[in-house]
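Using this note's numbering, you'd call the opening residue of the sequence shown number 1 and step up by one each time.
Hints may be right or wrong, so weigh each one.
Per label pair, the in silico range of CB-to-CB distance [as the list claims (entries may be wrong)]:
id: 1; residue 1: 250; residue 2: 100; range: 39 to 49 Å
id: 2; residue 1: 47; residue 2: 102; range: 16 to 26 Å
id: 3; residue 1: 174; residue 2: 33; range: 28 to 38 Å
id: 4; residue 1: 294; residue 2: 102; range: 42 to 52 Å
Straight-line alpha carbon distances no greater than 25 Å define the calculated SDA-like cross-link-like pairs of lysine to any residue that follow [said to hold, decoys possible]:
id: 5; residue 1: 314; residue 2: 244
id: 6; residue 1: 298; residue 2: 320
id: 7; residue 1: 99; residue 2: 118
id: 8; residue 1: 118; residue 2: 181
id: 9; residue 1: 244; residue 2: 229
id: 10; residue 1: 247; residue 2: 165
id: 11; residue 1: 54; residue 2: 120
id: 12; residue 1: 99; residue 2: 121
id: 13; residue 1: 80; residue 2: 146
id: 14; residue 1: 181; residue 2: 146
id: 15; residue 1: 314; residue 2: 103
id: 16; residue 1: 244; residue 2: 185
id: 17; residue 1: 80; residue 2: 244
Since the hints were made in silico from the structure, they are not lab data.
This one's a predicted model, so the numbers in the text were calculated from it and none came from an experiment.
Ideal placement from N, C-alpha and C gives every residue a C-beta, glycine not left out.
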Amino acid sequence: MCTRENRLPKLDLHCHLDGSLSREWFEEVTGRRVETSEIQVGRACRSLAEYLEKFDLPLQYLQTEENLKKAGKEFLLGAKKENIDYIEVRFAPLLSVSKGLTAQKVIEAVLEGLAEGKKECGVYYNVIVCAMRHHSVEDGLRLAEAAREFLGEGVCAMDLAGNEAAYPMHLFREVFLQARKLGLPFTIHAGECGSVENVTEAIELGARRIGHGIALRGQKQAMELCRRNQVGVELCPTSNLQTKAVKEGELYPIQEFLANDLLVSVNTDNRTVSNTSIEEEMAHIAGAYGVTEEEIRKLTQNAIETAFASDLVKQELWKKCR
C-alpha cells in the first residue's frame with residue numbers, strides 16, 4: 001500500500017450524517033452513557049430493518065439547531081481522525097423539521113457546524129440533501145427548492161433514500177425532473193433491494209451517481225447504460241453485507257463492476273452504525289474479494305471523477321494520485 005507520505009487520497013462519497021456520529025456527540029446531547037448496541041450493529045445483523053433501528057437515537061436528538069450544528073462539526077472532525085481528504089455527507093432535513101425549524105434552517109445549522117469543523121481540520125466536504133421515499137412528492141419538490149438555495153455554498157446535490165422496495169423510483173419522477181430543471185445534480189439510492197428497474201429509471205432521469213446499485217449485478221444492458229452515461233456507482237461493502245443487500249456466500253459485484261468499466265467507488269455508508277472507515281473498507285475488499293493495489297487506485301480515481309466537488313478541490317485530489 002502507499003506510504004503515508006505518498007498515500008492515495010481518501011474520499012467517501014456515500015456517508016450519512018445520522019449514521020456516522022461520534023460517541024462523544026451522543027453522550028453530550030443525551031447527557032448519559034450510550035451503549036455500543038444502541039448505535040452500532042454487529043456482524044449478526046439480520047436485515048435492513050434491524051440496521052435502520054440504529055437511526056432512532058440520533059434522529060431523536062437531531063431536532064434543534066444547536067445539536068445539528070454540533071453534529072456537522074463532530075462529523076467532520078471524525079473524518080479528520082480517519083485522514084479523509086474529501087467527504088460528501090448526506091442527511092434528510094425533513095426528518096429534523098420540528099419545533100419551528102424549516103428545511104432551510106436545518107440545512108443552515110449543519111452547514112455552520114461543518115464550516116466550523118473545517119476551520120479546525122481542513123477536510124474538504126460537500127452536503128447531499130436527501131428526500132425520503134415515505135414523504136410526499138410535494139415534500140420532495142419543496143426540498144429541491146430549499147436545497148437549490150444552498151447549491152455551491154455547501155450543498156452539492158440531492159438524493160432519494162428510504163424504503164426502496166415499498167416506494168419505487170417511478171413515484172418520484174416529478175421531484176427529480178424538477179431538480180434537473182433547477183440545475184441541482186442528484187444521486188439516488190437504487191438497486192439496494194434487488195430492483196434493477198429503479199437503477200435504470202434513475203439513470204434515465206439524469207442521476208449522476210447511484211447509491212449501492214447491487215441490482216446491476218449480472219445485468220449487462222443496465223451496466224452498459226450505466227457505463228455509457230458515465231454514472232458513478234457508490235458501493236458500501238460492509239453495509240451491503242450487514243443489510244443483506246448481498247447475502248452471505250453471494251458474490252459481491254465489485255470485480256464484476258470493475259471488469260465492466262463502471263465508475264465504481266467504495267464508501268462507508270454509516271461509519272458509526274457499521275463500525276467502519278474507508279481504510280477498513282479498502283482492506284476488506286482486498287482481503288475478501290482480491291482487489292489489488294492497482295484496482296484500489298482505480299476505485300480512488302473513480303471517486304474523484306464522480307465526486308460533486310469543485311474543479312479546484314478535484315485538482316488537489318488528483319495531485320495526490322500521482
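Hint check against the structure, violated hint numbers in rising order: 2, 3, 5, 7, 8, 9, 11, 12, 13, 15, 16, 17
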